[in-house]
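Q: Protein chains in written order, with this note's numbering: chain A, 55 to 219; chain B, 5 to 377; chain C, 1425 to 1782.
Take the hints with a grain of salt, since some may be wrong.
[What the hints assert, rightly or not] Taking CB as the label site, the calculated pair distances span:
1. B:Gln27 <-> A:Lys59: 50 to 60 angstroms
2. C:Leu1708 <-> B:Gln27: 33 to 43 angstroms
3. C:Ile1770 <-> B:Gln27: 24 to 34 angstroms
4. C:Gly1492 <-> B:Gly214: 20 to 30 angstroms
5. A:His195 <-> C:Arg1515: 32 to 42 angstroms
6. B:Lys354 <-> A:His168: 46 to 56 angstroms
7. A:Leu58 <-> B:Lys354: 33 to 43 angstroms
8. A:Leu57 <-> B:Lys193: 21 to 31 angstroms
9. A:His168 <-> B:Gln27: 51 to 61 angstroms
None of these hints come from the bench; they were simulated from the model.
Glycine included, each C-beta is placed from N, C-alpha and C at the ideal position.
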Amino acid sequence: MALLKTIKAIGKYFYDIYDGVTSLARGMKVTGSYFVKPSTIVTQKYPENRATLKMFDNFKGELMLIHDENNKHSCNVCNTCARRCPNGSIEIIYKKVEGADGRTKKILDKYVYHLETCSFCGLCVPSCDEFALKFDQEFEHAVFDRGKLTKVLNKPGSSSKAMKE
Amino acid sequence: MEETLLDFDLRDKEEYIINMGPQHPSTHGVLRFEVCLQGEQIKYLRPHCGYIHRGIEKMSEALTYPQLVHLTDRMDYLSAHINNEAVALCVENAMGVEVSDRVKYIRTIFAELTRIASHQLWWCAFGMDLGALTTFFYGLRDREHILDIFEETTGSRLTQSFITPGGLMADVHPNFQKRIKEFITYFRKKLPEYDQLLTGNIIFRERTKGIGIMSKEVAIDYGVTGPSGRGSGFSCDIRKIAPYSAYPFVKFNEITLPEGDTYSRYVVRIKEMWESLNILEQLVDNIPQGPTMLELKAVKAPKGEYYQRVETARGELGVYIVSDGGPSPARIHYRTPNFSNLFVINKLAKGHKIADLVAISGSLDLVIPDIDR
Amino acid sequence: MYDFTPFIESITSYLNENLTPFWAGLISMVLLGVGILLFYAVLGLYLVYAERKICARMQNRMGPNRVGPGGIFQTIADLIKLLLKELIYIRNADSLLFNIAPFIVIVASIMAIGAIPFAKGLQAVDLNIGVLYILAISSMGVIGILIAGWASNSKYSVIGAMRSGAQVISYELSVGLALLGIITFAGSMQFSEIIASQQDGWWIFKGHIPATIAFVIFLIAGTAETNRGPFDLAEAESELTAGFHTEYSGIKFAFFFLAEYMNMFIIAAIATTLFLGGWLPFHLFQWGAFNTVMDFIPPVFWFFGKAAFVIYLMMWFKWTFPRLRIDQLLALEWKYLLPINLMNLILIAFLTLMKWHF
Chain A
55 MALLKTIKAI GKYFYDIYDG VTSLARGMKV TGSYFVKPST IVTQKYPENR
105 ATLKMFDNFK GELMLIHDEN NKHSCNVCNT CARRCPNGSI EIIYKKVEGA
155 DGRTKKILDK YVYHLETCSF CGLCVPSCDE FALKFDQEFE HAVFDRGKLT
205 KVLNKPGSSS KAMKE
Chain B
5 MEETLLDFDL RDKEEYIINM GPQHPSTHGV LRFEVCLQGE QIKYLRPHCG
55 YIHRGIEKMS EALTYPQLVH LTDRMDYLSA HINNEAVALC VENAMGVEVS
105 DRVKYIRTIF AELTRIASHQ LWWCAFGMDL GALTTFFYGL RDREHILDIF
155 EETTGSRLTQ SFITPGGLMA DVHPNFQKRI KEFITYFRKK LPEYDQLLTG
205 NIIFRERTKG IGIMSKEVAI DYGVTGPSGR GSGFSCDIRK IAPYSAYPFV
255 KFNEITLPEG DTYSRYVVRI KEMWESLNIL EQLVDNIPQG PTMLELKAVK
305 APKGEYYQRV ETARGELGVY IVSDGGPSPA RIHYRTPNFS NLFVINKLAK
355 GHKIADLVAI SGSLDLVIPD IDR
Chain C
1425 MYDFTPFIES ITSYLNENLT PFWAGLISMV LLGVGILLFY AVLGLYLVYA
1475 ERKICARMQN RMGPNRVGPG GIFQTIADLI KLLLKELIYI RNADSLLFNI
1525 APFIVIVASI MAIGAIPFAK GLQAVDLNIG VLYILAISSM GVIGILIAGW
1575 ASNSKYSVIG AMRSGAQVIS YELSVGLALL GIITFAGSMQ FSEIIASQQD
1625 GWWIFKGHIP ATIAFVIFLI AGTAETNRGP FDLAEAESEL TAGFHTEYSG
1675 IKFAFFFLAE YMNMFIIAAI ATTLFLGGWL PFHLFQWGAF NTVMDFIPPV
1725 FWFFGKAAFV IYLMMWFKWT FPRLRIDQLL ALEWKYLLPI NLMNLILIAF
1775 LTLMKWHF
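All chains should be built: construct the whole structure from the sequences, respecting the hints.
A: Spelled out as structure tokens, the structure:
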């Protein structure tokens, strides 16, 4: 009985060695097979592939105010997006002008977007009834000065579509 | 827990205290373990959390329900979709509305993709904790495919904020189903590689088997849920116990293993990835048509208290909302899985070596921002 | 065909003719020292580069590709960075020991290089106890590691250093016993004679299975002795942040780093010399044409090619396996490697006695 036990123990000793070595070999097969196949490399050379690098259409880059070819946006200063924003990243500065019909009207002066506090939750874009906003494909947000992250989204000289000349 | 620092005369017992963290490669964030060691043996261990406390619960009180969803992304950032879903479900329950089947299906698909992505990241980080550095890149490589699916539809890779009370922020991308099917076939091929590289490895088995044994009683006492609890035979899958979203429509197995050691917690997660692939396969072709957003006048929960629990990749996430009828909660509380999972670690690591502590904390799959919120 | 002996001798005789014996000896020593240091630095840097490229390929990455074509100057840039970095002095550290430790580690590995035969005649000293010398010298490195861990006044460092001490002392046995097998076959400890005994076939082929077992054990134990691969418990990044060199910065850290790679090279060089025929070309039976072609390849290439193969194996181990725990590490040595090794040695002695090897 004791002999049988000893034989079993010795057998187990060598089986352990065999089992261990084969399990290690299986692991080495995986890494080794990737080593000999350079086609499996998944990383890319980033600044070089900038031209071909395309983000997905829905990618949430920076917020932008859509301008058409006549340099017109469709913001009517309703302030919904600023109120929807959980972080207060949107500030709308407007001025009052007298319209053609004699009533004072708010027009957009500066659409200030604080990229530094934006958490890209995306609540502003669907909140706009005029579809004036969207996210662009920009993903290189790094700047040297924090002040540069505060952006004015309406382009200089642009005007609202709602305003009649 | 029982002993405090002052109870020890360290010189007499030849013990010393070592701080693992808040900046340590294996705590995966700003968690600090105060470890009392004798040689390499752990005498006791105290986790200190709070280094990344951001006051999400308090902040949420100042935000409306749709707005506070984006903060839940930042709790357990690896289960962002599931966290969003928990809040959305809780608010929907409070308002007494039900979303369309299409929304339910898409939410569940996203939840399962999130679960796989989270387990992939856990797998690669776990391998790295044990010193197998190559696993890290294989896990991340496969995770990229899921993140691409996320990005195509939601626009973000990690903190999507896609699910909102009442439905979804947008409809899914036309490529959505195609990409998921591609991913399923791709990952079915890659998953056996995980086993070859790590699961079967003799060194790995020796490092994890019999280490950090958590009995079912301990798991229940400490409220350890998720794969960590199921590795101890504690059947705690909310998807089975209290099915939500599209889980009543799918067939899947709850994976439990009785051993309760580090290895069984590992195997549970690997098997959950297979199971999640099965769930995805059942759902992806059957997404019904319907609106993706309910027409809600205002998202306001009536006065009262509401609780909703979901199964994140790490365990049970509970959302507790006290509402005074306004557009934002009077008090919101998250019962996060990692908080409960963390504090069992003293029980598990005691008497093991410091290298085992790394394996155990890796097998509990802690996400530190979820602990502190 | 490619014999460096006349070349070396011509230099020595030229020096001796023109200078007094004292100056001749001094200058030849300085030449030798500069040569070895240059070789050490360049090879060390390129081993780091090779490791980074190899592990990158195994991990589906590209690896370094910014500095120079294919990133070949990356490690040189890293070295310049490390040279320029501030040396941080640790308060309450034992400053003498703290500063001396990296030098002990690096000196130990430089001294070991002196005895390695790169080609016929291309060897600093051909000691009659070459193998013993290398074993003795290369195990000096652990003293530096122990000192580094102790002097840093850091708990992580001490744990790392103590692990390293336990590990190296244990594995030294297996390394020694594995080499003893080949010494028994060859009947000499002198590298030139060991290589000469492999003229008609390398020991790994001639020595049947026992030699193969000894080779495998030597690889495992050698990897462990250099604190690498699955046996990098002294550094144990995920447990001890960086183990014994946690507190080191700048060029002192670079010394530890270089020494690790050079120790790997030394292990590979010993394996090459004892098991794989050193700088001897690969000969296949009596195929005259094939063997002549092989002879045309210079012995330096043969040596470095074989060493590169062994180094690649060690890197392959490192980038595939998880790290062992300290008690498992010691169990592996004392419960598996050492008994197998002893039995193997007896077998080898028997084979040698009966002259059953080829």
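Q: Each of the hints needs a verdict: does it hold here or not?
A: To see whether the hints hold, each was checked on the structure:
1. B:Gln27 <-> A:Lys59: 50 to 60 angstroms: holds, 51 angstroms
2. C:Leu1708 <-> B:Gln27: 33 to 43 angstroms: At 57 angstroms between Cβs, range violated.
3. C:Ile1770 <-> B:Gln27: 24 to 34 angstroms: About 52 angstroms separates the Cβ atoms of Ile1770 (chain C) and Gln27 (chain B), which means 24 to 34 angstroms is violated.
4. C:Gly1492 <-> B:Gly214: 20 to 30 angstroms: This hint is violated: roughly 49 angstroms between Cβ atoms.
5. A:His195 <-> C:Arg1515: 32 to 42 angstroms: holds, 40 angstroms
6. B:Lys354 <-> A:His168: 46 to 56 angstroms: holds, 49 angstroms
7. A:Leu58 <-> B:Lys354: 33 to 43 angstroms: Given a distance of about 39 angstroms, which is inside 33 to 43 angstroms, the answer is holds.
8. A:Leu57 <-> B:Lys193: 21 to 31 angstroms: 48 angstroms Cβ-Cβ, so the 21 to 31 angstroms window is violated.
9. A:His168 <-> B:Gln27: 51 to 61 angstroms: violated, 30 angstroms
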